[in-house]
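**Q** Going line by line, the protein sequences match chains P and W. Each residue of the first sequence is one higher than the one before, counting from 2 in our numbering. Each residue of the second sequence is one higher than the one before, counting from 3 in our numbering.
Just so you know, these hints were derived from the structure itself, not from any lab. Some hints could be false.
Claimed, not checked - Partial list, derived from the structure: chain W residues whose beta carbon lies under 8 Å from chain P:
1) R38
2) D40
3) S44
4) L52
5) L101
6) W103
We treat Cβ as the ideally placed atom computed from N, Cα and C, and that holds for glycine.
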Amino acid sequence: DAGVIQSPRHEVTEMGQEVTLRCKPISGHNSLFWYRQTMMRGLELLIYFNNNVPIDDSGMPEDRFSAKMPNASFSTLKIQPSEPRDSAVYFCASSPLWGRKTTNEKLFFGSGTQLSVL
Amino acid sequence: ELKVEQNPLFLSMQEGKNYTIYCNYSTTSDRLYWYRQDPGKSLESLFVLLSNGAVKQEGRLMASLDTKARLSTLHITAAVHDLSATYFCAVDRDSNYQLIWGAGTKLIIKP
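For reference, chain W alone in the conformation it holds in the complex (with noise of 0.2 Å):
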């Protein structure tokens, strides 16, 4: 059974310091997704990772994949408290349509 696990659940952090989230997954996956979601809000697509190695980036977030690992990472640069918000990682089953989503990462950035 796929199963994604991420850490830290809960991150509180001040601005201008860097931070990563980890998502951890149990079992070999071609596809890992990032997503956003602001609080009472929908999600909102950030990244899709496809192949080990794989690195993207967009302003101050930059996620990567390690499919030997099982492990990608959502790094938070220089944080400002706009990024607030909670981030949710998901893997491909492999069935080509089922997520498995991890429980989310809420991080809260303070001035």
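Here chain P stands alone, though its shape is the one from the complex (with noise of 0.2 Å):
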């Protein structure tokens, strides 16, 4: 398997401009989350699926971000507008078991997207 996919690897836009991630989760796997990562806030968890239904979002910080999971082979993270504070590395990230307490719980990552925005 190719593992977790995201595109693109890298983007940089200018503040204002409308930012779409892709992610395409291991087949098979019936959880997906999108994380961001940054020096000072670490890792934050922006949403879940589970069988494709968003189940919190809680953790997406303002109106202008938005997730959506189509079916269980695609998900897109939209910004917009992007702002400058929205620069940050955002991971994808799929899992078979999780929520099942097994120790084959685990989380696969996506290689990121690292987004800058100017």
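Two chains, two separate frames, one set of hints: put the complex together.
**A** Written as structure tokens, this is what we have:
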């Protein structure tokens, strides 16, 4: 399996522009997470999907952020309009066994998207 | 509010030495995870610890969990350069999906 695939790897944009980040989870995984990583705030959960349904979006910073999962193999995170403070690495992660409290319960992370908003 | 604290945040050590990274958390939890991140790379799962007294070992890394003390340790034995990375612990907020992450321990192992 190719693992969790994210695109683009790097995105540089200007303030006010729309940014769309994409994620393809590992086939068969029913849980998907979007995380943001910054030096100041560390790893923050933005949103969690289970079986394509958003379960908790309380980590989404504000209305400028939105996420969708139209099917089991694709998710997007959109920022509109983008601001310099959105600059971070955005990770998508998936898991086949999340919440089942087993020793195989793992998050599989993608390579991340490095977003720079100028 | 669940808080997760790691220490040290930065560790520089020589190859061949032993050392321990500590992860303290503030409220009860039934799951603790360790992840590794190489510079500019993704995060990779190392260990999942589910019960008090749990001990997991993989190569030169060994993780343990003391739920009564709310403490997990990641012990490095006879460190080698390839173990240089940032190590994160994360604790379940007893919600079945929400992890609270430590700030990470940046480990540099010098030849």
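**Q** Run every hint past the structure and note whether it holds.
**A** Verification of the hints:
1. R38: 11 Å, violated
2. D40: For D40(W), the interface hint is violated, since the closest Cβ of chain P sits about 11 Å away, which is over 8 Å.
3. S44: 4 Å, holds
4. L52: 6 Å, holds
5. L101: Cβ of L101(W) sits 7 Å from chain P, so the hint holds.
6. W103: 4 Å, holds
Comparing the model with each numbered hint stated earlier shows that hints 1, 2 do not hold.
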